[in-house]
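Here the structure of chain A is known, so what remains is to put chain B in place on it, guided by the hints.
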Amino acid sequence: MNEYASRVLANLQALYPNEPEYLQSVGAWLDMVSPVLSRSTAYEKMDLLSRMVEPERIFAFLVPWTDDQGQAHTNHGYRVQFNSAIGPYKGGLRFQPSVNAGVVKFLGFEQTYKNALTGLPIGGAAGGADFDPRGKSNREVMRFCQSFMMALYRYIGADTDIPAGDIGVGAREIGYLYGEYKRLTGRSESSALTGKGLTYGGSKIRLEAAGFGAVYFLARMLEHAGETLEGKRIAASGFGNMTWGVCRKAAKLGAKVVTLSGPDGYVYDPDGVTTQEKFDFMAEMRASGYDRVEDYAERFGVEFYPGKKPWEVPADIAMPCATQNEFDIDDAVLLLANDVRYYVEAANMPATAQALKLLRLTPGKIRTAGAKAAGSGGVAVSALEMVQNSLRYSWSRAEVDRRLQEIMSGIYDASAAAAEHYGLGYDLIAGNDIAAFEKISAAMLAQGL
Amino acid sequence: MSFQNPYLDGLMERVVRRNPAEPEFHQAVREVLQSLDPVVTAKPVYITEGVMECLVEPERIIKFRVPWEDDKGQIHVNRGFRVQFSSAIGPYKGGLRFHPSVYEGIIKFLGFEQIFKNSLTGLPIGGGKGGSDFDPKGKSDAEVMRFCQSFMSELFKYIGPDTDVPAGDIGVGGREIGFLFGQYKRLANEFTGVLTGKGLSYGGSLARTEATGYGLCYFADNMLQAAGKSFDGRTVAVSGSGNVAIYACEKASQLGGKVVTMSDSNGYIVDKNGIDLPLVKQLKEVERKRIREYVKSHPEAEYHEGCSGIWQTPCDIALPCATQNELDGASAQALIRNGCFAVAEGANMPCTPEAIDAFQAAGLLFAPAKASNAGGVATSALEMSQNSMRFSWTFEEVDEKLKGIMADIYRHASEAAEQYGMAGNLVAGANIAGFVKVADSMLAYGLV
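Just so you know, the protein sequences line up as chains A and B, in that order. Using my numbering, read the first sequence as starting at 1 and increasing by one per residue. Using my numbering, read the second sequence as starting at 1 and increasing by one per residue.
In isolation and in its complexed conformation, chain A is listed as follows:
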């Protein structure tokens, strides 16, 4: 690691010893961008790194609310406004018991460098609360969201900070949050939140966006190797929005997803998840809330493997679409043994650091794309939702889809070019971090201290 970067990291370690996710992701990033840092002393002269790895501003607030029995509860809410060099702060809200200041800071950091390469004017942020929407009634969720927004509304706005959903914050929560924001400000400022419903300012393709985007990114990797998606077999994990989007776009482009997974195990469908009937059944499984994938095996008469992960299935391509750290070193070894040639992350940070390192160190056998690049279709369409709100006009499905494809292509090109420029071959993960670093550092240097 570059010497200046090491000092900045040591300083963070001393300041924030209790924030392991944050320290881990900053450490990995500093490693990736070290080749750039070593080329100019301007970064250190302006002490730029210190301002790139810490948030511009952090808000922490209490969120009191009453449950249906009249019992009061008090949760902790956060908003980390990480970086506004290239646009207003933008990033999701997560409602989950594990949320704390360190987790939100880590998410805000990752978001900043993910957003940069979409080519759209959005800075980086994240927020949330240690509230668990599971097992709560709609009324309870509504009262919580209203109390949360009562604290948050004074810090956000269409030109300042635009939250979206994340784990525990879906269409229902966004609806309640937006309703309260509109009531408090007295303005119908629809681009103050994204992930809205279609009736009040949402964008088409928003639910499919992350899955579609990952497949578009994959298509460019195949094209680079002189291949296409036609006839390719994809092992995917999860069965939610992301996997659903991957299945649909892959089928459309001639490939087939042959596995789906849940907390209970995985299913293997040798014919592929390629028909409307199967897509619709996935949506039903998700809506049911049972959180199990075995039902698919029963419905379509395919094999179910309880308690196992889909990475043991021989395929051309592996796409983790479920959750963080779902893919470990044993899975990586399996992929290499099975001659899987592409590994494309759609979920956020699905691989452990070890697993990812092994894949990156064997570029001759497998080509690897990280979540910050391949998984950015979701935030890209969030930004397109802001564009449509600003235009006071909605685009058709085809138009949003076309722009999403262009954005994913742009991210691919920028990542590949940066890797090439710094002599890193086809390391798209390093290329992505470097290209994002260059864009944000240029804007920060231009704007002075």
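If you're looking for bench data, these hints aren't it; they were derived computationally from the structure.
Just the calculated beta-carbon pair ranges, DEER-fashion:
(1) Ser-50/A - Gly-173/B: 26 to 36 Å
(2) Asp-141/B - Leu-184/A: 37 to 47 Å
(3) Glu-420/A - Asp-357/B: 55 to 65 Å
(4) Thr-394/B - Gly-170/A: 32 to 42 Å
(5) Glu-420/A - Tyr-103/B: 45 to 55 Å
(6) His-76/A - Pro-161/B: 30 to 40 Å
(7) Pro-161/B - Leu-198/A: 26 to 36 Å
(8) Asp-141/B - Gly-425/A: 28 to 38 Å
(9) Ser-188/A - Glu-287/B: 46 to 56 Å
(10) Arg-187/A - Phe-395/B: 27 to 37 Å
(11) Gly-173/B - Tyr-426/A: 32 to 42 Å
Some chain A residues well away from chain B (every beta-carbon gap over 10 Å; in silico):
(12) Glu-3
(13) Glu-140
(14) Thr-228
With a straight-line Cα cutoff of 30 Å, these simulated DSS-like cross-link-like pairs (lysine-lysine) come out:
(15) Lys-72/B - Lys-45/A
(16) Lys-137/B - Lys-45/A
(17) Lys-401/B - Lys-204/A
(18) Lys-296/B - Lys-281/B
(19) Lys-229/B - Lys-258/B
(20) Lys-204/A - Lys-232/A
(21) Lys-289/B - Lys-45/A
(22) Lys-139/B - Lys-45/A
(23) Lys-308/A - Lys-232/A
(24) Lys-256/A - Lys-232/A
(25) Lys-182/A - Lys-157/B
(26) Lys-258/B - Lys-403/B
(27) Lys-296/B - Lys-258/B
We treat Cβ as the ideally placed atom computed from N, Cα and C, and that holds for glycine.
Chain B only, in chain A's frame:
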């Protein structure tokens, strides 16, 4: 010189009396009023409803002190200005100039001119101008940053994407806009299109650099086509070697012209084979060298010390793109003698009044800067559109829109000239077309 409409004599006298010791402002008002003489006679409502009186008075002038500290700890106090001249057709829009010569009269003169130029673009932008008597020359980056931050700490109260959108001008380039934008964002806690001329990484527009030069040639091409001529196969003289000159040269060549001259403040080059533009770009944009270096690579070309001789070079079309008053009466006579048939201004006010009179008397096609170099501000307005949409256009999309805007400006200016019996007089036509849109909006609003 007096006016045919006696009301204008009174108005002009009043402007001089109420704005003493501001000769640049007097001159700019007089020039515009001369063009408007037949308009106010034909439509006296502009007089009776007070439009003319309001037009020559800025809506608001803000003056403030700008204290800053140099690298040695010495305190300096400069003056800052923002003249919000007219918001009749859109938020105030106009550049900031950092130059020791800046005082209220200069900013007023520039703000007044900006109203008509902005109106001509057809985009919703009013007129404003600002700046300071601060000289960025010889200052360190850190000093310029501290000055810009102090300047913006006061200015930010008066501007905004829907109120007033400053841009760059002399002494305010990409570096200064970056520092100003950073400070505005920090003070206002919002990321908006409050300034134009921004860097591409934080909201700037593609084609902004090329815009003035390309726009000049698009305008000139429209003017030539209307006279049954074109750039094709013509010899073109361009002065200057900054952004305007370089991209005028590029576009003129793309349209079939052969550019044979370019210059800088030391002298000029003549290359009969046509200027080698990639070399000029290398010298000026990359190596920051003088234009005389050109002849080292092209010994067949000539270098002449001093700039005044450049217009002695025989050409069909002249594009003065260097600086104000670079083309005087004698130069104009030389161009006419050598058979030049069209002159289009790329710089701001490069031709002296004597030169313009000579061109018009000799029947040359003449495009005044207010119209022909409006491509720069037009693209600034397109930057505002993109910021408002939160989306960026491609280079080709911006260029295509610029081309359409320049064609519209030509059409409106030439139609206005014809309507008031001055066919072909684009100086008057540009002033009239710019004025009518602003004045009719003012009539609609009543006395405000």
